[in-house]
Amino acid sequence: MKMVMAIIRHERLQEVQDVLDECGVSGVTVTEVKGCGAQRGYTEKYRGASVHISLIPRLKVEAVMQAEIVKTVVDKLAEAARTGDHGEVGDGKIFVIDVEDAVRIRTGEHGPATVKHAERAMWGH
Amino acid sequence: MPSSDLRIALSKRKPLFLIAAGFAFLAGVIPLAVAADDNTATQAAGVAADTVWVIVTGCLVMFMQAGFAMLEVGFSRMKNVGTVVAKVVTNLSVSSIAYWAVGFGFAFGAGGIFAVIGGSGFFPTFSPGSQMNLPAIAGSTAPAAAKWFFEFVFCAVSLAIVWGTMIERTKFIVYILFGVPFAALIYPLISHQLFGGGFLMATLGSQDFAGSTVVHLTGATAGLAGLLLLGPRIGKYEKGRSNAIPGHNMPLAQLGVLILWFGWFGFNPGSTLNATNLHFADIVVVTNLAAAAGAVAALATIYFITKTMDVGMIGNGAIAALVAITAPSGYVEPWAAIVIGAVAGVIVVVGVLVLDKVLDDPVGALPAHGLAGIWGTLSCGLFTVPALAKFNGVGQGGFFYTGSLHQLGAQAIAVTASFLTVFVLSYSLFWIIKKTVGLRVSAREEMEGLDISEHGMWGYPESFMPVPGGVYRQADTPTVNPLRSPEPVGSPARSEGSAA
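Chain order of the listed sequences is A and B.
Just so we're aligned, residue 128 is where the first sequence starts under the numbering used here, counting upward by one.
Just so we're aligned, residue -12 is where the second sequence starts under the numbering used here, counting upward by one.
Read the hints as simulated data drawn from the structure, not as lab findings.
Some clues are possibly wrong.
Claimed, not checked - Result set (DSS-like, lysine-lysine): computed pairs, CA atoms no more than 30 Å apart in a straight line:
id	chain 1	residue 1	chain 2	residue 2
1	A	Lys172	B	Lys223
2	B	Lys226	A	Lys172
3	A	Lys172	B	Lys294
4	B	Lys421	B	Lys344
5	A	Lys198	A	Lys243
6	B	Lys226	A	Lys161
Treat the numbers as computed from the prediction; the structure is a model and nothing was measured.
Let's have the full structure, built from the sequences with the hints guiding it.
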């Protein structure tokens, strides 16, 4: 199992969710986060005083899936989260992390079966 | 005999004659009686109109408390908003009682002491339509109770202005300890000078129609005195740099501005204390024009300086212009109102930018009420229409009409005297409070926010509780986690435990 953790712009969330649905990913967790990349934020004016905003708001999208679909998901997700055709600075990043185990709380079952939801892919989204 | 014929003829006609005479008498008398009734009715209607006007405008001015509350809330951080509204309600309440007890008598009572302060009318009682001996406002036919209410809400506005400079770090008790003497003595002193027939108004002829100096400069000066003793918020000035501490809600701050603008239609036009001479309608127009010019001028100025259309500054511009037009509102023409308002809009933006380098005034009260109050009071000396000076019976025309600097001089003396008096008294009072109970909360309390440290609750609980929508155990519920002591921090059990 792998976890895909993507930092994306708020306005790309719907496209990213569409990709996850399309690939049959079973669940997703979205968190509002603040952070910065190489640009280190931007400068604003408040009552004439300049204010440096070093941490800017983004969304963190986390989804755990079976290892074999990760490559497809990541490629499609990157395309979905990109601004315009060529992308812009600040579009975010995708990280892929190994997941040791998963437990379905309702039934107590362990392992990759808990994140399997392949039927979804055949629904033709 | 002709004579007896005549007598007979007269006696025969006697009833007719009497009836005719009776009609003639009634025809003469009834209109007179009706006219007398008419006069009484007209007078009563006039008194009623004046009274309704004074009370209604007083209510508008009272509603300005909501404007100050929202303005300060908007410019505060989320952790310090509950304390602002608690302060506004508490100050309105304590000043009500203090002003009733002695403030009104000091401000307007007859038998003043050397034209410094009024000397009667303490603890006033009222009955329907009753009057008191209030020489300076005797021209208004409204009963004393209406006048008391109108003058009180002005005092409450002045007190509300004091705290804009001191929010986010002042101990709550200070609001009460300063508010009572302010409403009882400091405000009434200045009010007596310029509203209540004191030396500045009666002898010198200084004009202040609705209180640019009496209400606004007085409030801002007390705020300056407090701020100098209080110091800036933690984190405002670091390494010689002035940091921005943005307020949490611009819509609320601007709602405050609009409520104040609305309330000003009570503040200035109501200061006629008179609806029947119709002067108030002109004052509504000049008040609105000045505010409009102030907002536009502030927008232009901040855009010119920083290339941003700062939301707060546009509102500050409107408020500064309203403050400035307050003194001249009963004395000037519409074109002058636009000039006065526009200049105030420029003053407030430059004032905020400059003062922010050295004084931590979160809402910009010093430029908006202090500098604009000074400008507004002085502007009478330039723009007062001679006919209106005569109409109001105070001072004379301004420089642009008379070519004389006399009125400007009278205005400058009023500003200087009021500033010095209020500053010395307020500084002394704040100094005593600082040395006894202290002005400022501890650094820890300031960091946690005054809502939780002073009032034990948050203005926005769901923004601070660990999990919104969760449930919370009582603090004394025993815990089963051996790593977490059930005793409050610093209790003997805890210190023994950590020593062991």
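Hints and how they fare:
| no. | hint | verdict |
| --- | --- | --- |
| 1 | Lys172(A) x Lys223(B) | holds (16 Å) |
| 2 | Lys226(B) x Lys172(A) | holds (20 Å) |
| 3 | Lys172(A) x Lys294(B) | holds (9 Å) |
| 4 | Lys421(B) x Lys344(B) | holds (24 Å) |
| 5 | Lys198(A) x Lys243(A) | holds (16 Å) |
| 6 | Lys226(B) x Lys161(A) | holds (27 Å) |
Of the numbered hints given earlier, the model fails none.
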